[in-house]
Amino acid sequence: MNATPSLPIKPEPASQQRSDGTLPDAIATYGLTKYYGDRAVVDSLDLRVPHGSVYGFLGRNGAGKSTAIKMLMGMVRPSHGRATLLGEEIDDIRPETRSRIAYLAEGHPLYRWMRIRDAVRFTRPFYPTWNDELLEQILKHFELPLGAKIRRLSNGQRAQVSLALAVAPDPELLVLDDPTLGLDTVVRRDFLESLIQIIHRQGRTILFSSHILGDVDRVADRIGILVDGALRVDCPTDHFKQTVRKVLLEFASTPPELAPCKGLVSGQQVANRLELIFAGFGDEQRQAVEALSPVSIDVVELNLEDAFIEYTRGTKRALPVFIQERSDAQTTSSQGAA
Amino acid sequence: MLKQLAVKELRETAGLTVLALLAFFVLVTHETGFSLLNGPTDQFSIGWRSGTIPFVHHDFLIIFSLISGFFAILLGLRQSVWESISGTYLFLLHRPLSRARVVGVKLTVGVLLVLVCCGVPLLIYALWAAMPGTHASPFEWSMTAPAWNAWLVMTIVYFGFFLSGMRPARWYASRLFPAAATCFLVFLSVILFMEVPWWNGFVALATVLLVDAMLVAVILHVARTRDYS
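Order-wise, the sequence lines are chains A and B. Per the numbering used here, the very first residue in the first sequence carries number -13; after that it's consecutive. Per the numbering used here, the very first residue in the second sequence carries number 31; after that it's consecutive.
Possibly wrong hints are sitting among the right ones.
[Unchecked claim] One side of the interface only, derived from the structure: several residues of chain A facing chain B at Cβ under 7 Å:
| # | residue |
| --- | --- |
| 1 | K56 |
| 2 | M59 |
| 3 | M61 |
| 4 | V62 |
| 5 | P81 |
| 6 | S85 |
| 7 | Y89 |
| 8 | P95 |
| 9 | F112 |
Keep in mind that the hints were calculated from the coordinates and are not lab data. All C-beta atoms, glycine included, are put in the ideal place defined by N, C-alpha and C.
Using the sequences and the hints, build the whole thing.
Structure follows, in C-alpha cells:
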C-alpha cells in the first residue's frame, strides 16, 4: 500500500516560466550529482530558479539541500553535471559575477574574534557595489552596535550580522542555507520580515532552504522539494498546496488494498480507515477510491507544512505511544468486568 | 582586499607569533648570557654563557630548531585546519576572489612570519657573536650556516603541515603524510649538512625552494579541488 513518492509534480521547462524570454535563469543546474562513497547525496538535480523569484528549497534532514547549495556556491565539487549562476558556469565564474551573488552559509559562520566593525571592514573591499547606507539601516534596525564583539552575540544576532553583510553589496542573487535554523520564534519572524522587505525593495532572486514551512509559505513564490537527493517537486508554492490532498476512506470492516494508482504518494491503514496521500486528486483517482466501496470519502486540503510532511515522510509515522495506554485501559476494563 | 586578507591572517596568528618571539627572546638572551633581571652576568660587557662557542655547541641549534619547528607546525595547522573546524571557509571562500589568491595570501603571510620570526632572533644572535669583545671564542660567519639551514628548512615544515591541515582525509590515515614527508626531509637535510660537503649554500637553498614550490603547487591544487562541507 505504501507507495514510494513518485514524480507527479514535474518541473516546468524554464523557458515557459520567463515572461520576457531573454533573461537566463538566475540558477540552472543540469544533472547535478554528488556522490559520497556509493551514495548519491544529490542525484541528477535539474533545478531552474527564474530571475526575480523567491525559491524555497525544501527537504528533510539529509535530503541533500545543503550539499546542493554548496555545489552551487563552488564549495563542493559535483561528481557529475554542471550548473550556472547568473548565466555563468560555476567552475568558471568570474569574480565580477561572484560579487553579484551573496551566500549565507548554514550556521552563519563569522570570525568570532572580530567586532561587527571588523567584519564590515573585512567584507567591504571585495564588493564594488557595497552600500554603506543600506548596511547602517539594517544594523540599526537590528540594534546591532558596530563595536559589538561577534563571539558575544547570540545566534540570532549573528544571523542578523550575516544577513546585513550579505545584503550590503546589493546582490542580484541571494542564496541562504537554512538561515533561520536555531533562531527562536521572535527572532526568526523578525529575520524573515527583514528578508521580505529586502525582497520587495530590490526584487532580487532568492534561493533559500528551510525546515520551517511556515517561513517558506510566507516568503517563497516557488518551491522545490528534494527527497533522497532527487528533486521531486518544482512548482509554484500555491500549486503544490492545491495539488497534494489527503483522502480519508472509512470502511465498515478491514479496508481492501488499493491498486497502484497514478498520483498516489503514500497510504496508511488505521483500523477501519485508509489514509491516502495524492499528488493530484482528479476523476481518475476518485474512481479508483470509489471502486473500493468505502462508507465515506473525505478529501482534506492541506497547508504547506502538512502537504510537505505527507509528501516526504513516506511510510514512517509517529511512534505508537498510545499502545501502552490502550493495553492499560484494556487491562483496567477487564479487571472492572471481573 | 588582499590587504584585508593579510591583516586577518596576521591578526589570527598574532598569539602564536608572540609566543614564538618570546621563546626566541629567552633563547637568545640565555645564549648571550644576558639576564633580564640582573643585567650582564659574565665578565664581558654584554655577557656570555661561558664555556660555549656561539653556533658551534649543539644546544643552540637543537633548541632553535625545536622552537622554529613547533612554530612552523602550529602556524601551518592554525591557518588551514582552524578555518575548517570553525566553518569559516564558507564565509571566506565565496568572496569574489579566486581561491588561489585567497590561499596564496595565507601562504605568503605564513611563510613570511616563519622567516621573519625565526630569522630575526637568529640574525641578532649572529650579529652579537660577530661583534668583537662579546665572547672569548673565535667566530666566522660560516659557523652560522647550520642554523641558517635549519631556518630555511622550516619553510618546508610550514608548507608540509599546512598541506596536512588542508587535505580532507582522516588524521590517522593519509592526512599526515605530507607532514611526515616534510619531517623526513628536514631530518635528511640535517644529515646532509653534517655529512655531505656539497650540501651547503646554493645547493641547499635551491633544493629547499624546489620542495617549497612543489608543496605550494599541491596546496593550491588541493584548495581548488577539495570539498568544503
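Checking hints one by one. Is A:F112 an interface residue toward chain B, by the C-beta closer than 7 Å rule?
holds, 5 Å
Using Cβ atoms only, decide whether A:Y89 comes closer than 7 Å to chain B, and label the hint accordingly.
holds, 5 Å
Go through the hint on A:S85 and say holds or violated, using the shortest Cβ distance to chain B against 7 Å.
holds, 4 Å
Measuring from the C-beta of A:M59 to each C-beta in chain B, is the shortest one below 7 Å?
Because about 5 Å separates A:M59 from the closest Cβ in chain B, which is inside the 7 Å limit, the hint holds.
Once the shortest beta carbon distance from A:K56 to chain B is found, is it less than 7 Å?
Because about 6 Å separates A:K56 from the closest Cβ in chain B, which is inside the 7 Å limit, the hint holds.
Against chain B, with CB atoms and a cut of 7 Å, does the hint on A:P81 hold up?
holds, 4 Å
Please verify that hint: A:V62, Cβ, nearest Cβ of chain B, below 7 Å or not.
holds, 4 Å
For the hint on A:P95, just tell me whether its beta-carbon gets within less than 7 Å of chain B.
Holds: closest Cβ of chain B sits about 4 Å from A:P95, inside 7 Å.
Interface hint compliance - A:M61 to chain B, C-beta minimum distance less than 7 Å:
Result: holds, 4 Å to nearest chain B Cβ.
In terms of the numbered hints stated before, the structure departs from none.
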